[in-house]
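Protein sequences appear in the order of chains A and B.
Using the UniProt record's numbering, the first residue of the first sequence is number 1, and each one after it goes up by one.
Using the UniProt record's numbering, the first residue of the second sequence is number 1, and each one after it goes up by one.
One should not assume that every hint holds.
Remember, identical chains collapse to one label, so a pair may be satisfied in a single copy or spanning two.
Okay, derived cross-link-like pairs now, DSSO-like style, lysine-lysine, Cα gap no bigger than 30 Å in a straight line [stated by the list, open to error]:
1) 336 <-> 202
2) 155 <-> 277
3) 35 <-> 124
4) 202 <-> 120
5) 155 <-> 336
6) 336 <-> 209
7) 209 <-> 124
8) 188 <-> 165
9) 188 <-> 277
10) 35 <-> 120
Calculated directly from the structure, the hints in this document are not laboratory data.
Keep in mind the model is a prediction, meaning the values are calculated, not measured.
Protein chains: 2
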Amino acid sequence: MADLWTSDPRETLRVGPDFDLAAFDRASRGGFTGKKRDAERLIAERGALLAELQERLYANGRAGGTENVLIIVQGLDTAGKGGIARHVMGLVDPQGVALRSFGVPTPEERSHHYLWRIKKALPKPGQIGLFDRSHYEDVLVVRVDELVEPEVWSKRFDEINKWEKSLVDSGTRILKFALMVSYQEQAKRLMERLDRPDKRWKYSMSDLKTRANWDAYQEAYSDVFRLTSTAHAPWHVLPADTKWFSRLVVTEFLTRTLIEMDLQWPRPRWQPEAQRKRLVATMTPQALAESLSETKATVLEAMEASIDVNEDAAELKTHRYDDLSRDAAFAAIEAKRAFWENDLATTLRQKRELLQALAPELVPADPSMNVSTPKADKSAGKASRSAGKGKSSGKGKKGSSKGGKKAKKSS
Amino acid sequence: MADLWTSDPRETLRVGPDFDLAAFDRASRGGFTGKKRDAERLIAERGALLAELQERLYANGRAGGTENVLIIVQGLDTAGKGGIARHVMGLVDPQGVALRSFGVPTPEERSHHYLWRIKKALPKPGQIGLFDRSHYEDVLVVRVDELVEPEVWSKRFDEINKWEKSLVDSGTRILKFALMVSYQEQAKRLMERLDRPDKRWKYSMSDLKTRANWDAYQEAYSDVFRLTSTAHAPWHVLPADTKWFSRLVVTEFLTRTLIEMDLQWPRPRWQPEAQRKRLVATMTPQALAESLSETKATVLEAMEASIDVNEDAAELKTHRYDDLSRDAAFAAIEAKRAFWENDLATTLRQKRELLQALAPELVPADPSMNVSTPKADKSAGKASRSAGKGKSSGKGKKGSSKGGKKAKKSS
């Protein structure tokens with residue numbers, strides 16, 4: 001992946017103090033040297049990584065964590081806001097996503113402060129929120145259409161900055177994207193909506209009115225970028241004449257943001273051994289034997305998937321750093337593997353013991369059930385050791401770190 | 001698809017007056033003769049069809065239609081409710097989906113009528129809503145845990161039936177699914193959550209408490225099925241010991257429900273010709289020429305995709321009916337094709353005229369731009385006719401119905 005980016009898009013596309021919207025090339029590629037098919041492949045490849053990172057975020061939310069992500073997508077008609085919602089959010093579990101699009105305010109919304117409806121729609125802990133339009137409409141369309149006086153909207157920039165800061169301080173990562181199409185590309189996209197009977201529902205007669213205010217919108221957007229691209233919530237302007245490019249960028253940002261959050265599976269507050277014992281009291285010996293027979297493969301597969309994600313994350317996070325950083329990151333991963341393997345050994349030992357007490361004849365004799373016994377791993381034959389052997393293992397052993405490498409990765 | 005179903009699952013799995021939960025086989029396949037890989041293939045195949053049907057539903061909602069779909073998923077812990085949300089809803093555009101899961105009520109929710117929080121979460125017109133648990137918790141956990149007196153919960157069945165009837169009468173299709181796992185399968189799934197460090201966050205110590213009330217829940221579910229499987233909103237009980245099977249069933253139900261709704265693309269209230277003229281006034285001749293050059297391929301591709309969906313729908317809808325019904329369904333599709341082709345001819349003619357007025361030198365000479373002129377379709381050479389020729393066509397012609405068959409289907 002890194003090969004196709006000449007620079008980190010989070011830096012290239014970030015709005016700094018010198019940003020000039022008028023000079024911005026809306027057909028550029030912000031440091032990406034690939035083609036459409038490369039982008040599609042990269043987005044698909046990110047799918048598995050994103051799916052697990054998002055589940056970790058969600059799991060942490062359920063376990064009492066406060067972190068979440070808010071993606072704000074702004075842009076004029078046809079810029080591709082809906083496509084981002086559809087294609088990028090479509091990569092992750094819909095249960096962990098809070099999508100919201102903000103149109104013309106309802107009478108109830110209008111009767112409140114402009115942030116009222118926005119606050120109500122914020123993602124919950126563990127969620128990834130996506131706003132298709134947002135509170136920025138209150139300094140864009142509201143300004144261009146002169147729905148309030150300049151002294152009203154001009155005070156909102158500061159207010160927005162402060163409010164966004166409070167969100168960031170309470171655990172929200174805010175990613176702000178402005179999709180910028182060129183004037184002629186917008187015309188071609190509107191024309192396609194007119195030409196295709198299956199897309200006419202997307203066209204509104206007001207689109208041409210908004211288009212007539214193009215220059216006023218560019219000016220309003222310039223002020224938004226100048227006044228609200230803060231250190232805690234910077235703007236990123238995406239050249240949106242190429243739809244696949246903006247989708248790639250948002251996918252990449254989301255992935256890298258989740259990686260930086262360094263999310264791990266939450267540790268439970270209860271003891272697995274105690275719960276397992278209570279659960280077994282409700283099981284038939286046959287069901288326990290079936291569960292035991294699947295344990296090793298299931299857990300090792302999950303472990304490999306989880307470690308693959310950590311490796312991909314470490315790779316992305318450290319590829320420009322020195323070897324020492326990389327070594328540290330990969331040492332941490334090996335520690336995780338050791339944790340999983342020890343945990344699995346404990347699990348197997350307990351389940352065998354519980355089954356032994358219920359129905360000794362169902363306990364499998366295969367010593368390779370014991371994942372962390374190097375001797376057992378090396379033994380060629382099956383069923384060469386007694387079932388009881390497993391009891392004494394799993395303590396103080398180094399994880400045989402390649403033991404599960406062959407396990408199929410969970411899809 | 002039909003080949004692998006010995007019967008329509010909507011009938012086989014429907015709860016009728018004789019339904020007996022105790023006798024229900026939770027590992028059965030409700031008339032499906034395929035295997036897991038068949039189910040996965042069929043779910044993936046439904047993807048394209050579902051995606052377009054859902055977009056039509058959404059488009060109709062935006063155009064003022066009131067119809068929507070509400071999927072209610074009930075089941076005890078580990079039954080696979082979340083998997084339905086993830087895998088089935090993951091097939092369609094997240095923008096058209098309203099997912100909601102109902103846990104223990106908040107203090108605010110508890111202070112209101114039990115339907116208050118449910119009503120607030122109903123899908124909007126054009127949306128597909130999915131409830132992971134629902135108002136049925138108020139006659140299930142509330143009953144089993146004795147949170148209210150029997151005279152309170154026992155009155156709710158009637159109230160729920162009447163309320164659901166009012167929803168159906170106002171345009172909502174309600175699909176109610178109860179995922180029923182067996183007692184031993186639930187134990188094995190809970191055990192997996194204990195065994196896998198990456199799934200422990202899904203386990204709650206209260207799961208064993210709920211499991212201890214298994215018989216009381218079966219009795220409560222039996223009453224739900226007996227008292228609330230109405231003609232307007234019947235229950236379907238899914239054997240949930242096989243996860244892929246319940247996902248297949250819900251996918252199939254959703255597809256067939258959307259097909260029965262017979263959704264078409266809404267017709268706009270404005271005239272495309274008038275809007276196009278206004279739009280062209282804002283375009284460069286070059287942009288218009290580029291748009292014109294893409295029109296035919298773009299519209300034909302969309303037409304083929306749209307007609308494929310109508311054909312698949314007609315196939316599923318009529319495959320057990322007589323030939324006359326099928327003929328009628330396919331005649332309606334040919335009429336749609338004629339509409340698209342006439343519409344395209346009008347579009348091409350107008351765009352050529354508009355370009356002619358702006359920059360005659362940019363008007364392509366290729367007469368094959370005109371889709372509905374049989375003569376032009378037959379002409380072998382390119383650029384053999386004058387550009388002006390297109391003007392007189394597109395009226396009273398029969399659509400050359402195979403004209404666009406070769407267009408690539410939109411993915």
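Do the hints match the structure? See the list:
For the identical chains of this complex, residue 336 and residue 202 are inter-copy neighbours only, at 20 Å across copies versus 49 Å inside a copy, given an alpha-carbon limit of 30 Å. For the homomeric pair residue 155 and residue 277, neither the shortest alpha-carbon distance inside one copy (61 Å) nor that between copies (40 Å) is at most 30 Å. For a Cα distance limit of 30 Å, the shortest separation of residue 35 from residue 124 qualifies neither inside one copy, at 36 Å, nor across copies, at 39 Å. Within a single copy, residue 202 and residue 120 get their C-alpha atoms as close as 26 Å, and across copies as close as 27 Å, so both meet the 30 Å cut-off.
For a Cα distance limit of 30 Å, the shortest separation of residue 155 from residue 336 qualifies neither inside one copy, at 50 Å, nor across copies, at 53 Å. In the homo-oligomer, the alpha carbons of residue 336 and residue 209 never lie at most 30 Å apart, since the shortest distance is 58 Å inside one protomer and 32 Å across protomers. When the C-alpha separation of residue 209 and residue 124 is checked against a cutoff of 30 Å, the pair qualifies only between copies, where the shortest distance is 28 Å, while the shortest distance within a copy is 36 Å. Within a single copy, residue 188 and residue 165 get their C-alpha atoms no closer than 38 Å, and across copies no closer than 46 Å, so neither meets the 30 Å cut-off.
In the homo-oligomer, the alpha carbons of residue 188 and residue 277 lie at most 30 Å apart only across protomers (13 Å), although the nearest pairing inside one protomer, at 66 Å, exceeds that limit. Within a single copy, residue 35 and residue 120 get their C-alpha atoms no closer than 40 Å, and across copies no closer than 45 Å, so neither meets the 30 Å cut-off.
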